[in-house]
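Residue numbers (full-length UniProt numbering), protein chains in the order written: chain C, 1 to 356; chain A, 1 to 356; chain B, 1 to 356; chain F, 1 to 356.
It should be emphasised that the hints constitute simulated quantities derived from the structure, not laboratory data. Each hint should be verified, as a subset may be incorrect.
Since the list gives no way to pick out one identical chain from another, each pair is judged satisfied if it fits inside one copy or across any two copies.
As the list claims (entries may be wrong) - Here are the computed lysine-lysine pairs in the BS3-like style, where the Cα-Cα straight-line distance is at most 30 Å:
(1) Lys201 - Lys219
(2) Lys4 - Lys115
(3) Lys4 - Lys66
(4) Lys47 - Lys314
In this text the structure is predicted, and so the values were computed from the model without any measurement.
Number of protein chains: 4
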Amino acid sequence: MSQKLQVAVAGVGRMGMRHARHFATLTPRAELIAVCSPVQSELDAAKAEFGCRTYTDYETMLNEEKTLQAVVVASATTVHAEQAIKAIERGLHVLCEKPISTSPEISQSVVDAYKASIKKFPSQKVICGFSRRFDASYRDAHARMAAGNIGTPSVFRSQTCDKLDPSGFFVAYAEFSGGIFVDCSIHDIDLALWFFGEETKVKSVTAIGITAVQPDLRKHNDRDNALGIIEFYGGKIAQLYCSRMMAAGQEDCTEIFGTDGKIAINTQPQLNLVNLYESTGIRREIPADYYGRFREAFITEANEFTASCLDDTKPPLRLDSAVKAVAIGCALQESLITGKKIEFDGSGKRVEVSHL
Amino acid sequence: MSQKLQVAVAGVGRMGMRHARHFATLTPRAELIAVCSPVQSELDAAKAEFGCRTYTDYETMLNEEKTLQAVVVASATTVHAEQAIKAIERGLHVLCEKPISTSPEISQSVVDAYKASIKKFPSQKVICGFSRRFDASYRDAHARMAAGNIGTPSVFRSQTCDKLDPSGFFVAYAEFSGGIFVDCSIHDIDLALWFFGEETKVKSVTAIGITAVQPDLRKHNDRDNALGIIEFYGGKIAQLYCSRMMAAGQEDCTEIFGTDGKIAINTQPQLNLVNLYESTGIRREIPADYYGRFREAFITEANEFTASCLDDTKPPLRLDSAVKAVAIGCALQESLITGKKIEFDGSGKRVEVSHL
Amino acid sequence: MSQKLQVAVAGVGRMGMRHARHFATLTPRAELIAVCSPVQSELDAAKAEFGCRTYTDYETMLNEEKTLQAVVVASATTVHAEQAIKAIERGLHVLCEKPISTSPEISQSVVDAYKASIKKFPSQKVICGFSRRFDASYRDAHARMAAGNIGTPSVFRSQTCDKLDPSGFFVAYAEFSGGIFVDCSIHDIDLALWFFGEETKVKSVTAIGITAVQPDLRKHNDRDNALGIIEFYGGKIAQLYCSRMMAAGQEDCTEIFGTDGKIAINTQPQLNLVNLYESTGIRREIPADYYGRFREAFITEANEFTASCLDDTKPPLRLDSAVKAVAIGCALQESLITGKKIEFDGSGKRVEVSHL
Amino acid sequence: MSQKLQVAVAGVGRMGMRHARHFATLTPRAELIAVCSPVQSELDAAKAEFGCRTYTDYETMLNEEKTLQAVVVASATTVHAEQAIKAIERGLHVLCEKPISTSPEISQSVVDAYKASIKKFPSQKVICGFSRRFDASYRDAHARMAAGNIGTPSVFRSQTCDKLDPSGFFVAYAEFSGGIFVDCSIHDIDLALWFFGEETKVKSVTAIGITAVQPDLRKHNDRDNALGIIEFYGGKIAQLYCSRMMAAGQEDCTEIFGTDGKIAINTQPQLNLVNLYESTGIRREIPADYYGRFREAFITEANEFTASCLDDTKPPLRLDSAVKAVAIGCALQESLITGKKIEFDGSGKRVEVSHL
């Protein structure tokens with residue numbers, strides 16, 4: 001077997017630890033050599049589980065790990081872009097957790113850094129981790145659509161509903177999350193771009209929302225349930241729903257309506273293949289969170305990113321598409337708050353329309 | 001058994017014949033005594049099947065049928081209001097097919113006629129036939145919601161997707177249908193009002209749409225796929241999808257998201273309880289049209305309307321709610337065409353907002 | 001419309017009242033003119049609901065109702081055969097509830113009476129009410145099988161699971177029910193004959209069973225859960241499960257495995273199209289009893305039986321097949337109790353085999 | 001991390017290669033060091049993929065691999081027992097593919113060898129690979145049953161239906177497979193023992209079968225579809241169906257009926273979460289074979305076997321239970337061929353009963 005990709009993970013909170021685990025133990029061609037985190041207890045946990053080196057400072061890690069080839073950026077969203085750029089400029093491969101940033105401009109700066117760097121390091125891979133692109137069901141759906149099985153995909157519906165967390169976590173989280181459309185719907189927006197084609201241009205977005213269970217979200221200009229509609233140039237439309245109040249667990253489903261058929265993904269959610277027949281009827285459980293739903297996809301992501309780096313093959317997704325998704329998410333979030341429809345011209349520039 | 005309700009049906013095209021059949025043979029407490037239609041072949045078919053009297057002229061029928069107690073208006077939408085009003089003014093009970101009219105003003109005129117008439121005929125019943133209100137599954141869902149099982153209903157999603165009809169029928173039909181939101185989504189809008197409460201007031205509507213399979217619909221300012229979002233006062237929102245291009249058949253489904261749970265109706269559509277295991281996988285069929293899905297509901301409608309007339313009990317639904325549904329449908333259709341968000345103040349009056 | 005079939009119902013207990021209702025109000029071509037029952041309160045209830053004549057004595061009813069054309073025998077199973085024969089001998093049409101009798105010989109005597117009578121009354125119709133044959137899903141399945149969609153039907157699996165009734169009702173009931181295979185599985189056996197062909201000959205039966213929740217059933221040589229396997233001549237086999245302890249409600253499902261595919265009926269049982277998303281997962285209810293599952297089938301049965309009588313068309317099912325079902329049910333019940341496999345030769349005669 | 005378990009795989013045909021892959025790349029705590037096979041092309045493929053040492057002779061491998069700790073026996077069933085015993089006698093850990101042997105006596109000899117060996121090597125682990133025991137859905141079901149959620153498990157139904165393979169492969173295969181009950185149903189029998197308790201004693205078995213698609217199977221005393229029923233002491237019964245003619249793919253499902261509820265596993269089979277809405281209805285695919293259904297379970301098996309060996313913890317399943325499963329499978333196969341019910345006394349000895 002060829003040499004293993006030398007990987008470090010920046011940020012080993014809940015999701016960072018999972019990434020570390022996927023690279024350390026479930027990605028045969030990768031080797032986790034180091035992690036960094038400002039939180040000592042997180043470093044201790046990582047060291048205990050993986051036996052890797054640990055750093056409290058990101059740059060120190062980059063400086064000292066001489067064999068380092070790839071960095072997984074799984075820190076707080078607010079530092080994603082900065083950390084990604086530092087790694088990019090050193091010619092390292094980067095897998096950056098979504099979103100690159102809650103700002104389209106900052107997101108674009110990462111793409112710009114990559115465009116500059118790749119001239120020097122032509123084999124460098126930088127991707128944003130849209131995990132659903134690695135999910136077997138979404139891939140099956142996309143392959144069928146690409147094979148023409150549903151004719152022209154024309155209408156897209158997708159929703160990301162998180163399980164209700166009555167702890168108030170999401171209120172504090174909303175201060176930096178970029179809002180529900182940027183935090184939750186970013187996946188659905190990315191999927192819309194993937195299914196409609198990443199070149200597809202947005203024409204308008206409109207959103208509405210409520211605070212049904214967490215009125216304090218309004219302090220941070222956020223909502224706990226929101227609906228959005230997106231018009232694309234070329235006769236394609238999309239419908240989004242994002243929510244923080246699903247009782248049963250995580251419910252992420254998507255439908256693509258084509259001129260000759262429809263593909264539905266996860267419209268009958270389930271935890272596993274068990275059904276319980278009880279005096280109250282037939283019951284099945286569903287995953288409690290996105291990791292319960294997408295664990296296998298994250299593992300596939302780690303393996304494919306690794307293979308792309310080692311074999312210098314095309315990365316499994318395009319970085320610029322991630323910027324586009326952030327821009328659409330931000331526009332939806334703005335419409336949600338202002339109540340205004342936001343329109344774009346064919347070049348992607350915003351149109352300020354008088355509706356009088 | 002008490003005496004049977006003496007019923008006539010105005011309009012015996014496809015759906016009118018079904019109404020006639022429901023009253024003639026599947027409503028034990030009703031008797032179909034007459035039908036009218038301008039089309040002689042339709043009258044002949046009705047006479048052959050039911051042995052009832054037939055008329056080419058609606059007013060003649062009203063004049064000559066001295067024992068007539070109730071009229072089912074199942075003629076072309078364009079004459080619904082006029083025929084309904086003529087029957088109302090004579091003190092007859094009326095079951096009018098939806099929509100009352102494609103115009104909110106004309107719809108309101110039927111309500112006004114009823115309000116005037118009921119002073120003279122206090123037992124008179126006039127309803128608009130929103131068949132889904134009589135469907136066992138929707139009723140079960142509504143009862144559970146009303147019992148508080150999902151907390152406060154906050155988000156509503158509903159779609160009406162007709163099977164693709166490549167014949168071009170819908171292009172011609174669009175000239176008088178009022179548009180896809182008035183023709184298809186009217187049921188979903190009525191359900192939103194039913195689940196959120198008929199007093200709920202609309203705050204804004206926005207819609208977008210495309211012509212994916214029938215570009216000629218644009219001649220009549222219509223679309224074959226459309227998405228709409230509705231804001232209501234009181235922190236409730238709704239999402240609609242209507243389509244004329246579903247490959248598999250009729251797909252009408254609804255979800256009501258509450259603060260404590262969700263109820264889904266028909267999100268796993270099926271024709272019956274049969275699953276076919278074939279070399280290509282597992283397959284089930286779905287109803288080809290709304291009648292395949294809602295036949296039992298129509299029969300329940302006939303029976304409950306009859307009971308309400310004979311027993312002088314509260315009619316199974318409110319007429320003024322039907323006007324509200326038409327008004328919302330028309331606003332969505334307008335937004336679909338103009339691209340503008342339409343807003344309403346708390347009294348239901350339209351607000352002309354500058355978005356500058 | 002032609003004249004209505006004049007119908008009487010013998011026995012107006014729970015199921016008899018339902019038959020009466022189906023003929024009185026849901027079978028347009030029939031008229032319920034009389035009922036009989038030894039229980040005065042049942043007669044009072046029937047009179048109040050249908051306004052029909054009532055009799056405490058069956059023969060008196062037959063004697064006095066001069067216009068009577070058809071009798072529905074829905075009394076206790078122990079008098080089914082006797083009442084059926086009395087009606088048959090007068091030339092009346094008969095719809096006899098299943099089973100004709102718990103004895104194959106007595107069941108055969110009804111067939112013999114019919115064979116004798118039909119020479120005198122060539123238009124006479126006598127059927128045994130296997131309701132599932134009138135169910136839309138089973139019919140769809142049968143039509144697909146008959147059309148060759150699954151190749152040669154070769155393996156049949158069917159189960160009838162009643163909701164657990166902790167009242168002890170089934171213990172008392174077992175004294176006269178004929179046992180769980182005759183009472184419950186008779187439907188599954190009838191379906192096996194229908195799907196494999198009514199000429200199909202049984203080769204062997206074996207059964208085993210337990211008393212998991214009602215040990216007192218052993219007093220009447222019965223069990224609350226039983227499994228049976230049936231071999232037919234011609235390379236076809238069947239598997240049955242009958243139970244009295246289903247927690248969730250009535251669960252009746254069937255699968256037919258052919259050389260080219262499988263048809264499954266009701267393997268995903270449901271009360272209606274509602275799914276409830278709760279903190280414990282996704283839940284749906286199922287029918288509480290067989291009437292909740294098969295109400296529409298009973299109504300279809302009433303209408304088709306009526307049509308067959310009035311129009312002198314082929315009855316919707318064959319009476320001799322019902323005798324065959326009873327014989328197989330009795331053999332399974334015997335095997336259940338004795339522990340022995342029971343074998344039949346090609347002429348249907350029992351073979352006493354030494355297994356030494 | 002502790003040192004990795006040094007593993008060799010005997011037999012690298014289709015399933016052996018999968019085992020090799022699971023240990024080489026998906027079991028972080030294991031290292032694949034060698035494989036053996038009499039087929040050079042298989043060795044070449046293994047060497048190319050894993051870079052491990054290769055042997056044409058099993059004993060040579062055992063002799064030369066001085067660091068070897070564990071052997072996976074994935075060769076032809078006919079040599080399972082012999083190879084397992086050789087490894088056992090050297091004190092190696094063994095994961096033996098199912099069945100240990102098609103003969104209960106030979107299977108027992110492996111257990112005997114292990115019982116003798118473990119006195120010398122008290123940390124030695126020997127298991128038979130019943131993959132379903134490692135499947136997340138079966139485990140969830142078992143945990144719920146063990147927690148008392150369905151009361152006393154009383155009736156067990158399970159089926160293993162392989163996709164129809166028209167190539168004739170299964171005819172040749174039947175010569176050594178032990179027959180359909182030993183080859184296919186062994187998993188279902190093992191599950192019955194697991195759900196009912198491994199101490200549960202069989203009281204009788206009866207089986208019937210047909211050759212619906214492969215009449216040549218009769219040459220080897222086999223069938224392509226078979227039904228079996230099993231009585232256990234203690235009031236528990238089981239129903240099996242095994243088939244080689246499923247059109248849609250692999251369909252393995254299981255139901256456990258308890259006194260208070262039922263658990264169903266995979267009664268709505270699916271390949272993934274995709275549903276296709278086409279002009280013919282709604283369709284989903286199912287896995288083509290057992291590996292498509294149980295791949296994750298095999299990986300879990302490899303990891304848990306490895307952990308048990310390295311940490312000297314209780315092996316994930318008991319070896320003697322595997323012998324019991326073979327004995328029941330053989331009895332069912334015998335009953336299938338002879339047509340006789342086979343009975344056992346409470347000590348597990350066969351009872352020769354006269355049925356006269």
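The hints, checked one at a time:
With identical chains, the CA atoms of Lys201 and Lys219 are at most 30 Å apart between copies only, with a shortest distance of 26 Å across copies and 32 Å within one. In this assembly of identical chains, the alpha carbons of Lys4 and Lys115 lie at most 30 Å apart only when taken from the same copy (26 Å versus 42 Å across copies). Taking CA atoms no more than 30 Å apart as the test, Lys4 paired with Lys66 passes in both settings, with 15 Å inside one copy and 27 Å between copies. Taking identical chains as interchangeable, the C-alpha atoms of Lys47 and Lys314 lie at most 30 Å apart only when they sit on different chains, with a minimum of 28 Å there against 33 Å within one chain.
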